[in-house]
Amino acid sequence: MKYILRFILLLTFMGAKNASAQEAASISGYVTDSESGETLISASVGFLELNRGAATNSLGYYTITNIKPGTYTIVGTYVGYETFRQQITLEEGQNIRLDIELDPQSVQLGEIEVRSFREEQELKNISISQVETELIKELPAVFEADVFRSIQLLPGVKAASDFSSGLYIRGGSPDQTLILLDRTTVYNPSHFFGFFSTFNPDAIKDVRLYKGGYPSEYGGRLGSVLTIYNKDGNRNEMEGTVTASLLASRASIEGPYSKGSWMIAARRSTIEPLLAAIRQSEENVPSKFYFYDINSKINFDASDSDKFSLAIYAGQDRVTFPFSEDAEFELDYGNQTISGNWTHIFSEKLFSNFVLTGSRYFNYPEFEIAGTNFQRNNILYDFSLKSDLEYIPNQKNLVKTGFWAGNFTFKLRDRFDDSNNFTNRIQNQYASLYVQDEWRPAERWIITPGLRLNYFSDGDYLRLAPRLSVEHQPNSKVRLQAAYGRYNQFLTLISNEAFSGFDVWLTSAEGVSPAYGDQYIIGAKTIPFEGYGFDVELYYRNMIDLFELDPFLPDVAGLPYQDVFRFGEGYAYGMEVFFEKRQGDFSGFIGYTLGYTWRKFPGFNSPIGADSENARFYPPKYDRRHDINIVANYQITDRWKLTSSFNFATGQSYTKVLGRYAQFELPWTNDNRNVFTVGKVNASRLPNYHRLDLSLSRTGSFFGIAESILQLQVINVYSRRNVWFYNFDFSENPVLRTEANLLPILPSISYTVNF
Amino acid sequence: MHKQLLIVLFLTGIVASCETYPQDEYQEQYVVEAYLVANRQLPSILLSKTVRADVLYDFEEQSINNASIEVQLLESGPNSAPEQIFTYQNQLPGIYIPNPNHKVLPTRTYQLKITFPYSDDIVTAYTVVPDTFRVVGEVQDTVEYQSPEQLELTLTQSSYPGRQNIYVFNALAQNIIPQNLTPFYKEVYDESETPEQELESFSNNSSGIINEGNFELNPNGSFTFDFPWIGIAFYQENFIVANTIDDNIYDFIRSQETQLGGSTFSPGQIQNVIYRMNGGIGIFGSLATDTVKTFVELPVL
Numbered sequence: 012m013k014y015i016l017r018f019i020l021l022l023t024f025m026g027a028k029n030a031s032a033q034e035a036a037s038i039s040g041y042v043t044d045s046e047s048g049e050t051l052i053s054a055s056v057g058f059l060e061l062n063r064g065a066a067t068n069s070l071g072y073y074t075i076t077n078i079k080p081g082t083y084t085i086v087g088t089y090v091g092y093e094t095f096r097q098q099i100t101l102e103e104g105q106n107i108r109l110d111i112e113l114d115p116q117s118v119q120l121g122e123i124e125v126r127s128f129r130e131e132q133e134l135k136n137i138s139i140s141q142v143e144t145e146l147i148k149e150l151p152a153v154f155e156a157d158v159f160r161s162i163q164l165l166p167g168v169k170a171a172s173d174f175s176s177g178l179y180i181r182g183g184s185p186d187q188t189l190i191l192l193d194r195t196t197v198y199n200p201s202h203f204f205g206f207f208s209t210f211n212p213d214a215i216k217d218v219r220l221y222k223g224g225y226p227s228e229y230g231g232r233l234g235s236v237l238t239i240y241n242k243d244g245n246r247n248e249m250e251g252t253v254t255a256s257l258l259a260s261r262a263s264i265e266g267p268y269s270k271g272s273w274m275i276a277a278r279r280s281t282i283e284p285l286l287a288a289i290r291q292s293e294e295n296v297p298s299k300f301y302f303y304d305i306n307s308k309i310n311f312d313a314s315d316s317d318k319f320s321l322a323i324y325a326g327q328d329r330v331t332f333p334f335s336e337d338a339e340f341e342l343d344y345g346n347q348t349i350s351g352n353w354t355h356i357f358s359e360k361l362f363s364n365f366v367l368t369g370s371r372y373f374n375y376p377e378f379e380i381a382g383t384n385f386q387r388n389n390i391l392y393d394f395s396l397k398s399d400l401e402y403i404p405n406q407k408n409l410v411k412t413g414f415w416a417g418n419f420t421f422k423l424r425d426r427f428d429d430s431n432n433f434t435n436r437i438q439n440q441y442a443s444l445y446v447q448d449e450w451r452p453a454e455r456w457i458i459t460p461g462l463r464l465n466y467f468s469d470g471d472y473l474r475l476a477p478r479l480s481v482e483h484q485p486n487s488k489v490r491l492q493a494a495y496g497r498y499n500q501f502l503t504l505i506s507n508e509a510f511s512g513f514d515v516w517l518t519s520a521e522g523v524s525p526a527y528g529d530q531y532i533i534g535a536k537t538i539p540f541e542g543y544g545f546d547v548e549l550y551y552r553n554m555i556d557l558f559e560l561d562p563f564l565p566d567v568a569g570l571p572y573q574d575v576f577r578f579g580e581g582y583a584y585g586m587e588v589f590f591e592k593r594q595g596d597f598s599g600f601i602g603y604t605l606g607y608t609w610r611k612f613p614g615f616n617s618p619i620g621a622d623s624e625n626a627r628f629y630p631p632k633y634d635r636r637h638d639i640n641i642v643a644n645y646q647i648t649d650r651w652k653l654t655s656s657f658n659f660a661t662g663q664s665y666t667k668v669l670g671r672y673a674q675f676e677l678p679w680t681n682d683n684r685n686v687f688t689v690g691k692v693n694a695s696r697l698p699n700y701h702r703l704d705l706s707l708s709r710t711g712s713f714f715g716i717a718e719s720i721l722q723l724q725v726i727n728v729y730s731r732r733n734v735w736f737y738n739f740d741f742s743e744n745p746v747l748r749t750e751a752n753l754l755p756i757l758p759s760i761s762y763t764v765n766f
Numbered sequence: 445m446h447k448q449l450l451i452v453l454f455l456t457g458i459v460a461s462c463e464t465y466p467q468d469e470y471q472e473q474y475v476v477e478a479y480l481v482a483n484r485q486l487p488s489i490l491l492s493k494t495v496r497a498d499v500l501y502d503f504e505e506q507s508i509n510n511a512s513i514e515v516q517l518l519e520s521g522p523n524s525a526p527e528q529i530f531t532y533q534n535q536l537p538g539i540y541i542p543n544p545n546h547k548v549l550p551t552r553t554y555q556l557k558i559t560f561p562y563s564d565d566i567v568t569a570y571t572v573v574p575d576t577f578r579v580v581g582e583v584q585d586t587v588e589y590q591s592p593e594q595l596e597l598t599l600t601q602s603s604y605p606g607r608q609n610i611y612v613f614n615a616l617a618q619n620i621i622p623q624n625l626t627p628f629y630k631e632v633y634d635e636s637e638t639p640e641q642e643l644e645s646f647s648n649n650s651s652g653i654i655n656e657g658n659f660e661l662n663p664n665g666s667f668t669f670d671f672p673w674i675g676i677a678f679y680q681e682n683f684i685v686a687n688t689i690d691d692n693i694y695d696f697i698r699s700q701e702t703q704l705g706g707s708t709f710s711p712g713q714i715q716n717v718i719y720r721m722n723g724g725i726g727i728f729g730s731l732a733t734d735t736v737k738t739f740v741e742l743p744v745l
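Chains as they are written, first to last, in my numbering: chain A, 12 to 766; chain B, 445 to 745.
I should point out that these hints are in silico values taken from the structure, not numbers from a laboratory.
Using N, Cα and C, we set each Cβ at its ideal position, and we do this for glycine too.
You can trust all of the hints, since none of them are fake.
For each label pair, taking beta carbons as the anchor points, the in silico distance ranges come out as:
no., chain 1, residue 1, chain 2, residue 2, range
1, B, N662, A, N752, 46 to 56 Å
2, B, E472, A, I289, 43 to 53 Å
3, B, A525, A, N431, 39 to 49 Å
4, B, E472, A, P698, 20 to 30 Å
5, A, P698, B, K547, 55 to 65 Å
6, B, S603, A, R279, 52 to 62 Å
7, B, L661, A, Q438, 21 to 31 Å
8, B, R496, A, H483, 55 to 65 Å
9, B, S520, A, N752, 55 to 65 Å
10, B, H546, A, N431, 35 to 45 Å
11, A, P698, B, Q528, 49 to 59 Å
12, B, S520, A, P618, 26 to 36 Å
13, A, N431, B, S603, 19 to 29 Å
Just some of the chain B residues that point at chain A, by a computed CB distance under 7 Å:
no., residue
14, Y465
15, Y470
16, Y501
17, N614
18, S707
19, P711
All chains, please: the whole structure from these sequences, using the hints.
Next up, the structure:
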C-alpha cells in the first residue's frame, strides 16, 4: 500500500510541476461517426503544425493539453473515414471543447485504406489485437458469424477443436481470459455447448484482445483480457439489419431519440423445424433445442459533460434430449448482464467513468435415468462498481487510476436421487485499486508503469500486481516494446473442452490460494512497406498455485472445500509473427505462432512405480507447436467479394497407450476392467491439422428498398478429416483404435438485409 | 535490424526443432489382483503381466506361474513386523490360492510380497482392511419399481483411517432373463450387438463410488441411504450388497474410470491408474461388505 501512495504522490508531483510551468491551452471532446453518431474508439486527433496528438479512449473521448497559444489545423482520422480538418485558434489558458464528427468513406475499389496514426499506435501497443466487426461477418464461419472464431485466427490464440469456440491464449486455458462486455464480466460466453460465442456481431462496435502483459487497469485473470463494446445506437437516423442463416437468424435495429440513442439486437436459433422433421424418422434427436441472445443499449446524453447509458444482455440455451425410453437429459444455461454507465468530464484534464455492473450465470443440467435423477443447480452473481479516471497533467503523462469492487456469490447444489450430495454457497467481496502512468519522457519513448492491488475476502487475500511496459521508436517504421506484469486469479473454471454447457466456476478460499503468474514480453512492430505491417513478439509466462477440480474425484460429498482441488503450476513461452497487407483489392494477414505450454500437478504424469507426489510437466491437449493462419480478402468486383481462411497447425498432443491388462474379479461387477498403461501424458501428436474455408458474398438490393448481402460459404473445402482424438474399443482383441474426426465439408448460406 | 531478426528466427528454429518431451517406450509390468474381504477367507491372487496395447491380450498367456507369494498380517499397521505369514500356491495359470487359509481381520493391515524364481524382482503392497458394518433395521421384503417408497438401507458405522468411508453398492439379480429387465436396461439390451454380454453385465449392477457424505446421519450414529432405482436392472429377487472400500481400490477405480474420458480431462489425454504397489501394478485391496435381499415388483399401472 505504501508503494501505491508513493507512486500516486510521485505522479501528482510530476503533473503539478509541468502544469505550473506554462499557461497553455487545451482541447478535448468526443469523436463520432457523422452518420450514426457512434463514438469511435482509438480515433486519432492531432495538430498538423505540431507533433502533438491523442487517441480517443474507450468512450471515444480525447484530450490534448499544454498547447502553445496560436492558430493550428486540427486533424481527426479513423480507419474508413474521411479525414477531418478544421482551423482553430487557441488563446492563452483557453480550454476548448471540440466534438469531431467523421464522415464514413465511400469505399472505392483500389483505394488505399489508411489507418489513422494514433489508432495504429493504439493497436500496435504490446500484445493488443483488434478484430474488426466487418471482418467477423465476412469470415467463413460454421453456421454463424462468430466473434470468438474470428479471434482464434490471431497469432497466439488457439482453438481446442472445430467444436469449441473457447479461447486458448498463449498457453492459457479459457478461464484465464477476462471477458468484458460493456465493462461487465461474462462468465460463460457460449452457445450450442461451446460451439460458438454468445456475442451477436450485429450488436458489436469494438472487439479488442489484450493477449498478455495487459495494463493495470485490468485484472483478475492470469492471461488475457477481451473487451467487447456494444454499439451505442445510431444517433441520427433509424436503421436495422436482418440476417437469416441455417442455424440461427438475427435482427437488429437502432435509432435516435431526443436525448440520445438506443439499440436492440436479437438472435435466435431457427433449427427447431429441422429437428422436428428429423424426429419423424430418427431416434435420439432432441425434443427441444433452442438458444437466443438479446443485446440492448440506451444512451442518455444529459449534458456536454455527462453521458449515461444502460446496456443489457441476456442469452440462454435449452435442450431436452430423451435418449432412451426411460432416460432424458435436460440442460438450461445462460448469462445475463446489465451495466449502467456514467461518463463525466470534470475538466479537459480529468475524465471519469463510473459503471455499475451485474452479471448472472446459471447452469442447470439434469439427467433422469431409470427413475433416478441427477441435478445440478449452479448460479453465479457478480455485482460491482467500477470507476476509471483519466488525468492528463501535462503532455508527457496520462495517468489512469480507478477501482473495481464487488460482491461475488456462487451457489452450487448437486442432487442425486432427490437428495443433496453437494451444496456450497460462497459469498466473496472483492476489490481492486490501480494506478498507471503513460509517461513519454522523450519523443521516442513511452514508459507505462502501473500497480494493481487486489483483495479477495474469502481467505483475506491481498495481492499486489506491478506492471511495466516500455516502448522505443527508433524511427517512424519500427517500434520496439517490452512488458512485464504480475497477474492474479481468484477463480477457476470446471469445464471440458468438448462441452462447455456444464461449466462451473469455483473461487479461491481459505486453504485455496489464488493463482498468480508473471508475464514477460518483448516485441517489434514494423512497417516494412507502405500499407503493410510486420510484427514479432516473444513471450514467457509462468502460472503458480493453479487450482482446479481434482479430476479423480467421482464424488465430492463430505469433502472439505479445499480437498476438491488439486494445485499445480505451469509455464508457457513462444513467438508470434504477424504479417498484414492492408491496402488494395487484395488484403489480409498471415499469423504464425510457435508455442509451448506445460502444466504439472502432484502425482500426475509420474512414471509407474514413482513416489505418489512425483510429477512431470506435460503439455495440455491444446498445445500446438506451430500454428499458421492465412486470411485473405479479395474484392472481385463492386459487388462480389471472396474471403478465405486457411489454418495449418501441428497436431494436438495426445497420450499414446503403450500397454494393457485387465482386472477380472472386482466384486461389484461382472465386467472386466480393461486398463491401459501409458508413458508420458500427451507425449504424442495427432496428425497435423489443416483446413480451408471460403466465403463468397454478393452485395445487392432488396427490392430496391434496402441493401442486401448474400453469403455462400464452404467450411473445410477439401473435407480433410482432421483428427480430434482416438477412441479405443475393448470389445475387440487386440483393442481397436478409431479416430474421432472433426468437421467434414460443410456448406452454408446466409442472407442479410440492411435497411 | 534485419540481422537481429534473422538471428532471432534462426534461434527460434533451433528451439522448435528440439524435441524436449519424447514418448516413453513400452515397459512390461507385473499385474496383481486380489481383494481381501473383512471376515472372509483370504482371497485367491491373480498374477500376470501386461501386454503391448496393440497385440492380442489373453490372461493365461500373460499369467506368471511359480512365483512365491505370501500375505503377511502385520502387527500394528504399515511398516510393522509380520504377526502371521500366509503362503500361496499356484493352482491354475496365474491363479494362486492361500495355504493354509485365514479369515481376514477388519481394521488390520496385510502386506503382499511376491518374489520370482529367476529374477530379483519383488512386488509389495499393503492394505488396511475397512472396519465391518451391518445393514440394520427392517429392510423391505418387496419394493415396487420406481414407486416413491425406495429401498431404504440403514448401515452401522464403519471406519477407515484418515478419511470418510467410501461405499460401492451393487445389486445381484437372481432371475437373469431378458423379460425381467427394467425398461432402461431392456432398451440397452434390445439395441445391443452383444445382448448376452449385456445381460451378464447387468446381472451385477454397480452404483459406482459413493461417499459417506451423501448419507443421512441418524442420532445413533448409523447412516440411512435410499437405494437408487438406477441400480436395479432386473425385477424380482435381488441381493443388495453394500461395500466399503480401502484406499487401494478407491484409487484404482477412480483413476481407471477417467482413462477413457469423462471428468475434466480433454479427450485423448490418458494417464496411468493410481497404484499403491511397489514393483508392479494392479490392486491388492480390501473391503468390508454386507448383503440384504429384496424383491422388486413391476410398477402398478
